[in-house]
Amino acid sequence: MKSFWKQGEPFVWVTGAALSVTLLMAMVLIVVVLVNGLGVFWPSKVATAKLHDGGSVLGEVVRSEAVFEGEGERLQFKIGNRELYGLDFRWIDKTDISSITYADDTMVLERMEYGNFYGRLIGLSPEAQAVSGGGDAVQQLRQAHAYVMQQKDQLEELDDELASVNYRMDQLQRKEKALLYKGRSPSDPEIQTLRQKRNGLTEKFQSLHQRQMKQVTELRNYTATFTDISGTDRDMALMDLVRFYQPNSMSVFSKVRYYLIKLVELLTGSPRESNTEGGLFPAIFGTVMLIFIMSLFSFPLGVLAAIYLREYAKEGMVVRMVRIAVNNLAGIPSIVYGIFGLAFFVYGVGGSIDRLFYPEQLPTPTFGTGGILWASLTLSLLTVPVVIVATEEALGAIPAGVREGSLALGATKFQTLTRILLPMASPGIMTGLILAMARAAGEVAPLMITGVVKIAPALPVDGNFPFLHLDRKFMHLGFHIYDIGFQSPNVEAAKPMVFVTTLLLVLIVLIMSSVAIHLRNKMKKRYTYGTF
Amino acid sequence: MRDNNSVTVTDPIVQVKNLDFYYGTSKALHDINLDFQRNKVTALIGPSGCGKSTLLRCLNRMNDLVDGARVDGSIRLDGTEVNTAAMDVIELRRRVGMVFQKSNPFPKSIYENVIYGLRIAGVRDKTVLDETVERSLRNAALWEEVKDRLHESALGLSGGQMQRLCIARAIAVNPEVVLMDEPCSALDPKSTARVEELISELREKYTIIIVTHNMQQAARVSDCTAFLFEGVLVEYGITENLFVKPRNKQTEDYITGRFG
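If you read the protein sequences in the order shown, they are chains U and D. For the first sequence, the residue numbers in this note's numbering are -7 to 524. For the second sequence, the residue numbers in this note's numbering are 444 to 703.
No wet-lab data here; the hints were simulated from the structure. The reader is advised that the hints may include incorrect statements.
Listed next, the in silico DMTMM-like pairs over lysine to aspartate or glutamate satisfying Cα-Cα at most 25 Å (straight line) [claimed, not checked]:
{"hint": "1", "chain 1": "D", "residue 1": "470", "chain 2": "U", "residue 2": "307"}
{"hint": "2", "chain 1": "U", "residue 1": "516", "chain 2": "D", "residue 2": "555"}
{"hint": "3", "chain 1": "U", "residue 1": "514", "chain 2": "D", "residue 2": "524"}
{"hint": "4", "chain 1": "U", "residue 1": "517", "chain 2": "D", "residue 2": "591"}
{"hint": "5", "chain 1": "U", "residue 1": "516", "chain 2": "D", "residue 2": "507"}
{"hint": "6", "chain 1": "U", "residue 1": "517", "chain 2": "D", "residue 2": "619"}
{"hint": "7", "chain 1": "U", "residue 1": "405", "chain 2": "D", "residue 2": "507"}
{"hint": "8", "chain 1": "U", "residue 1": "405", "chain 2": "D", "residue 2": "555"}
{"hint": "9", "chain 1": "D", "residue 1": "460", "chain 2": "D", "residue 2": "515"}
{"hint": "10", "chain 1": "U", "residue 1": "306", "chain 2": "D", "residue 2": "639"}
{"hint": "11", "chain 1": "U", "residue 1": "405", "chain 2": "D", "residue 2": "588"}
{"hint": "12", "chain 1": "D", "residue 1": "569", "chain 2": "D", "residue 2": "534"}
{"hint": "13", "chain 1": "U", "residue 1": "446", "chain 2": "U", "residue 2": "102"}
{"hint": "14", "chain 1": "U", "residue 1": "514", "chain 2": "D", "residue 2": "555"}
{"hint": "15", "chain 1": "D", "residue 1": "483", "chain 2": "D", "residue 2": "639"}
{"hint": "16", "chain 1": "D", "residue 1": "483", "chain 2": "D", "residue 2": "595"}
{"hint": "17", "chain 1": "U", "residue 1": "517", "chain 2": "D", "residue 2": "595"}
{"hint": "18", "chain 1": "U", "residue 1": "514", "chain 2": "D", "residue 2": "639"}
{"hint": "19", "chain 1": "U", "residue 1": "405", "chain 2": "D", "residue 2": "639"}
{"hint": "20", "chain 1": "U", "residue 1": "405", "chain 2": "D", "residue 2": "591"}
{"hint": "21", "chain 1": "U", "residue 1": "517", "chain 2": "D", "residue 2": "647"}
{"hint": "22", "chain 1": "U", "residue 1": "42", "chain 2": "U", "residue 2": "220"}
{"hint": "23", "chain 1": "U", "residue 1": "306", "chain 2": "D", "residue 2": "555"}
{"hint": "24", "chain 1": "D", "residue 1": "470", "chain 2": "U", "residue 2": "220"}
{"hint": "25", "chain 1": "U", "residue 1": "306", "chain 2": "D", "residue 2": "619"}
{"hint": "26", "chain 1": "U", "residue 1": "206", "chain 2": "U", "residue 2": "220"}
{"hint": "27", "chain 1": "U", "residue 1": "254", "chain 2": "D", "residue 2": "595"}
Given the structure is predicted, the values throughout are model-derived calculations rather than measurements.
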């Protein structure tokens, strides 16, 4: 027995158990996210439940659980049709249900507003029938819908044009305001030309707008009539339908196709219905761009600071204190960084920029309000300690012989650094950058007060000069999770999106880390010092 | 010259005079007076911690890098004082090359390793670089082994090859003096023999000062030998004389293996 303890057998078990518990926790998290996230877009069957009291319910069975009192189970139906019933979900005791059937002609409509509609197709309006080529009702609907969607794309092009004209008008107005602020009189010729230009643009805007309105009114004539389970008929403009499908009669192949379509929409589309439906493109874009700008600041800053600390600063009390301070910085709660970012970057730096360069716009802030630049800077402040520590360690791990070898050949300290030490330290520096990126991708708290918003009207990059608008507010996947998960008026309907967004955020971090790790391994192969 | 010195140096390249060296408050070298003969191999021997490496590193001022190191006295390279602020250390290190105990090739290609000294000096001419690589590697007896893989990583070489590469790298910049700090201590006997052979060949062109723990090696490769003990130069003589008929009791004890 004594030798059993001596040999450390229990210790092996303890260490193994510790590792298993850690892995298990991580696995459970990933599995929960995967299971809930991946299934969201799979078209599930729509059930028609006949009730004992004569009524009936149409909807997707989302889940079942034991009733609170007594025995038996109850089912949760997603019944949709929010504008008719007020609620998307309904709980029904299994004992109240007499039968459940799956009618082939049940149709699910994804709509621009009010969520899904569950019902049956009755018929199309004459206009819609005119553009369809015949066949049965569903085929006609499909053709008419395709036609309307095509028209709608053109409308969206008009939308872009309108936004661009609007942006230019805004710029002109800013210029005019600036001139007026400088003391020019309103009759100044320069101001007059600006006004003329603006009036021209306004006219253009008006005509474009009218054209758009007219087209919209015309398009709205293309409608279809649907009926819900209780027999209420509803006319719906085809324009408001995103897509429709009959899940009960879909083959596996068409289900896969639908799944992929939804996936593409998720990655490239814009959100609808207060973010609970539609795509996540603006949030994905915002997240990636945020991390990118953050790295652009924190990477050089951290590396340079670490080089000074390790290579140039004289080892002593001060350097030791700085090192402790840097390590401590990494432990400050991120919300504190957020508040600092708000005070220093947004109000301090941004406010000063406004006072110096855009005084005519005040009190409306230009840079003196949250934006992607300030959020990125705040995050880079947050991640710089990680980069510093990693770089310092990487530089310190280089054998002294290499350093001396270079110096002994007549290289200066600077040459040694740039030609030998930095390449050799690069894998370690990359590790730091990976850690920094992963940390930045997961931060939400500091963003909430430095520029993240629920719905951003425009991306920080667009076709309007100067193309990069770092003062703009942005969307972010992490904030998106918080927003739709806890701030949404319809939490139950938003739940699938929470899982999908989480999955996406995890994936983005995974992809970015994988790329960085791949780069690091490549560098490692090239620069690792093999001993013999 | 003093009585512990039996060498008449007619053509000195490096002259060390009254050299004291301190690490912080502890004195590592005591009043060293030593002239190194041009185009000869001089060995520095002595037990561990006797200051032979310290002395070697004074010659190209590698000790500048050590915190708290202080040097008093005079070192002259071809008559120029080395130990002053006016001396350009970069220039000095180009004239006095160094090979270390543990081979330290850079994580670059073999080619880039050899021309590193030229690169940092700003040489860009491809023909000059190519010629230098071939000449240096030939001189370091490495050319035949690596000529087909010049652009592969130097880290793939064997230990002995790496050390010869470091020698090639040191002589690529045409130094006047090559300092070697126990160049063979990490090598197997075969590689050691190879490097020793190389040292004998190199003496025609360069002055070599070698620190070694291995007395047979000192006897084999060097023309003159200096024995240091506890920071003091005990005896300096023609190698054959010193090993056969040491004039000092301490030297005799050391080389006959009674201590050290």
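Each hint, compared with the structure:
1. Straight-line distance between C-alpha atoms of residue 470 of chain D and residue 307 of chain U comes to about 22 Å, which keeps the hinted pair within the 25 Å bound.
2. Distance check on the hinted pair: residue 516 of chain U and residue 555 of chain D sit about 18 Å apart at the alpha-carbon level, within 25 Å; holds.
3. Between residue 514 of chain U and residue 524 of chain D, the direct Cα distance comes to roughly 47 Å. Violation of the 25 Å bound is thereby established for this hinted pair.
4. Using a Cα cut-off of 25 Å, the hinted pair residue 517 of chain U and residue 591 of chain D holds, with the two alpha carbons roughly 21 Å apart.
5. Taken as a hint, the residue 516 of chain U and residue 507 of chain D pair is broken in the structure, with Cα atoms around 31 Å apart against an allowance of 25 Å.
6. Pair hint residue 517 of chain U plus residue 619 of chain D does not hold up; C-alpha atoms about 36 Å apart against a cutoff of 25 Å.
7. Between residue 405 of chain U and residue 507 of chain D the alpha-carbon distance is near 12 Å, which keeps this suggested pair within the 25 Å criterion.
8. With a CA separation close to 19 Å, the supplied pair residue 405 of chain U and residue 555 of chain D stays within the 25 Å bound.
9. At most 25 Å may separate the alpha-carbon atoms for a hinted pair to count; residue 460 of chain D and residue 515 of chain D meet this at roughly 10 Å.
10. Taking the CA atoms of residue 306 of chain U and residue 639 of chain D, the gap is about 40 Å. The hint is violated against a cut of 25 Å.
11. For the given pair, residue 405 of chain U sits about 32 Å from residue 588 of chain D by alpha-carbon distance, which is inconsistent with the 25 Å threshold.
12. Taking the CA atoms of residue 569 of chain D and residue 534 of chain D, the gap is about 23 Å. The hint holds against a cut of 25 Å.
13. Our distance criterion of 25 Å between C-alpha atoms is met by residue 446 of chain U and residue 102 of chain U, whose separation comes to about 22 Å.
14. About 19 Å separates the Cα atoms of residue 514 of chain U and residue 555 of chain D, which keeps this hinted pair within 25 Å; it holds.
15. In summary, the hint linking residue 483 of chain D to residue 639 of chain D is supported, as the alpha carbons are separated by about 14 Å, within the 25 Å threshold.
16. Restraint check: the Cα-Cα separation between residue 483 of chain D and residue 595 of chain D comes to about 35 Å, which exceeds 25 Å; the hinted pair is violated.
17. The straight-line distance between the Cα atoms of residue 517 of chain U and residue 595 of chain D is roughly 13 Å, inside the 25 Å bound, and the hint therefore holds.
18. Proposed proximity of residue 514 of chain U and residue 639 of chain D is contradicted: the alpha carbons are some 37 Å apart, above 25 Å.
19. Distance check on the hinted pair: residue 405 of chain U and residue 639 of chain D sit about 32 Å apart at the alpha-carbon level, beyond 25 Å; violated.
20. Between residue 405 of chain U and residue 591 of chain D the CA atoms are separated by roughly 33 Å; this puts the pair beyond 25 Å, and the hint is violated.
21. Proximity of residue 517 of chain U to residue 647 of chain D is assessed by CA-CA distance (about 40 Å); at most 25 Å being required, the pair is judged violated.
22. For the proposed pair residue 42 of chain U and residue 220 of chain U, the alpha carbon gap of about 14 Å is at most 25 Å, so the pair holds.
23. In summary, the hint linking residue 306 of chain U to residue 555 of chain D is not supported, as the alpha carbons are separated by about 32 Å, beyond the 25 Å threshold.
24. With a C-alpha separation of about 99 Å, the suggested pairing of residue 470 of chain D with residue 220 of chain U is violated against the 25 Å cut-off.
25. For the hint pairing residue 306 of chain U with residue 619 of chain D, the CA-to-CA distance comes to about 33 Å; that exceeds 25 Å, so the pair is violated.
26. Between the alpha carbons of residue 206 of chain U and residue 220 of chain U the distance comes to roughly 31 Å, so the proposed pair goes past 25 Å and is violated.
27. Note on residue 254 of chain U and residue 595 of chain D: the hinted pairing is violated, with a Cα-Cα distance of about 50 Å set against a maximum of 25 Å.
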